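K.L.:
Sequence:
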Amino acid sequence: MGPPGFGGWKSCDLSGVHSYDEMALKDLPAAINHVLNVTAQDQIFYIGHSQGTTIGTFMAFSALPELASKIKLFFGLAPVATVAFTDSPMTKLSILPDALIWDLFGRRDFLPQNDYIKWLAEHVCGKRLLSELCGNIFFVLCGFDEKNLNMTRTPVYTTHCPAGTSVQNMVHWAQAVHGGKLTAFDFGAAGNMKHYNQTTPPDYHVKDMTVPTALFSGGQDTLADPKDVAVLLTQVSQRDRPLPFTIKASDLQSSL
Numbered sequence: 032m033g034p035p036g037f038g039g040w041k042s043c044d045l046s047g048v049h050s051y052d053e054m055a056l057k058d059l060p061a062a063i064n065h066v067l068n069v070t071a072q073d074q075i076f077y078i079g080h081s082q083g084t085t086i087g088t089f090m091a092f093s094a095l096p097e098l099a100s101k102i103k104l105f106f107g108l109a110p111v112a113t114v115a116f117t118d119s120p121m122t123k124l125s126i127l128p129d130a131l132i133w134d135l136f137g138r139r140d141f142l143p144q145n146d147y148i149k150w151l152a153e154h155v156c157g158k159r160l161l162s163e164l165c166g167n168i169f170f171v172l173c174g175f176d177e178k179n180l181n182m183t184r185t186p187v188y189t190t191h192c193p194a195g196t197s198v199q200n201m202v203h204w205a206q207a208v209h210g211g212k213l214t215a216f217d218f219g220a221a222g223n224m225k226h227y228n229q230t231t232p233p234d235y236h237v238k239d240m241t242v243p244t245a246l247f248s249g250g251q252d253t254l255a256d257p258k259d260v261a262v263l264l265t266q267v268s269q270r271d272r273p274l275p276f277t278i279k280a281s282d283l284q285s286s287l
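Residue numbers 32 to 287, in the working numbering, belong to the letters of the sequence shown in order.
One or more hints might be untrue.
To be verified - 25 angstroms max Cα-Cα, derived DSS-like pairs, lysine-lysine:
1) LYS238 to LYS101
2) LYS178 to LYS258
3) LYS57 to LYS123
4) LYS123 to LYS258
5) LYS178 to LYS158
6) LYS212 to LYS57
7) LYS212 to LYS225
8) LYS103 to LYS225
9) LYS212 to LYS258
10) LYS258 to LYS238
11) LYS212 to LYS123
12) LYS101 to LYS57
13) LYS178 to LYS57
14) LYS225 to LYS57
15) LYS212 to LYS178
These are computed hints drawn from the structure, not numbers from a lab.
This structure is a prediction, so every number in the text was calculated from the model and none was measured.
The task is simple: from the sequences and hints, build the whole structure.
P.N.:
Right, here's the structure in full:
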């Protein structure tokens with residue numbers, strides 16, 4: 032049984048049939064509870080990066096108060112709640128209708144890690160003259176900031192990126208680009224009735240999250256766009272806890 036508004040939500044064990052809804056409402060609670068059980072602690076610190084912030088503070092911790100009570104402090108790196116202002120090429124998939132994305136890629140994994148990617152990382156990006164080219168690929172996708180990218184580590188980065196997700200997760204992000212809000216996956220009117228007992232997908236309310244929060248934002252980030260982060264800061268509740276704050280990567284660079 033899910034949180035209010037998600038009462039009809041059902042899990043599925045098919046690897047390609049999930050999005051960040053399942054990560055937030057199923058996977059993350061299981062992981063956090065496991066850590067608490069093993070360490071015999073009452074609370075833990077949570078560090079999320081990009082989608083890890085989406086499923087954490089902005090979804091799970093706002094929809095599941097009991098889970099939120101187990102978090103002492105949340106550190107959000109490149110925080111993403113909405114993608115209304117993002118202009119990364121990665122969002123271009125959103126111009127396609129959902130049905131066409133399903134037809135093109137199927138209901139399966141999307142860009143899973145494989146031996147070919149690892150070979151490219153080692154034999155192409157691992158070459159001194161080509162590592163900068165591989166680094167520029169990250170800049171194109173995520174925003175340019177050469178001073179904050181260790182080019183000697185580019186082969187390591189490319190070995191693990193892309194790490195794969197599901198087509199459904201990519202469709203969910205495409206819906207987020209169009210909708211400009213943080214909502215559950217939209218299955219269409221009939222599908223939404225089956226999953227949520229309502230014709231539209233329920234919203235996640237960031238303002239309901241009460242976990243103490245520190246956000247770290249890159250000024251040139253085209254995925255976690257500073258304008259989206261600015262909107263996010265207005266939604267993070269300040270009730271009965273330390274004020275949220277944000278640090279830009281450029282500020283860290285200038286202080287070194």
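K.L.:
Which earlier hints can't be squared with this structure?
P.N.:
Hints 3, 8, 13 and 15 are the ones this structure does not satisfy, whereas the remaining hints hold.
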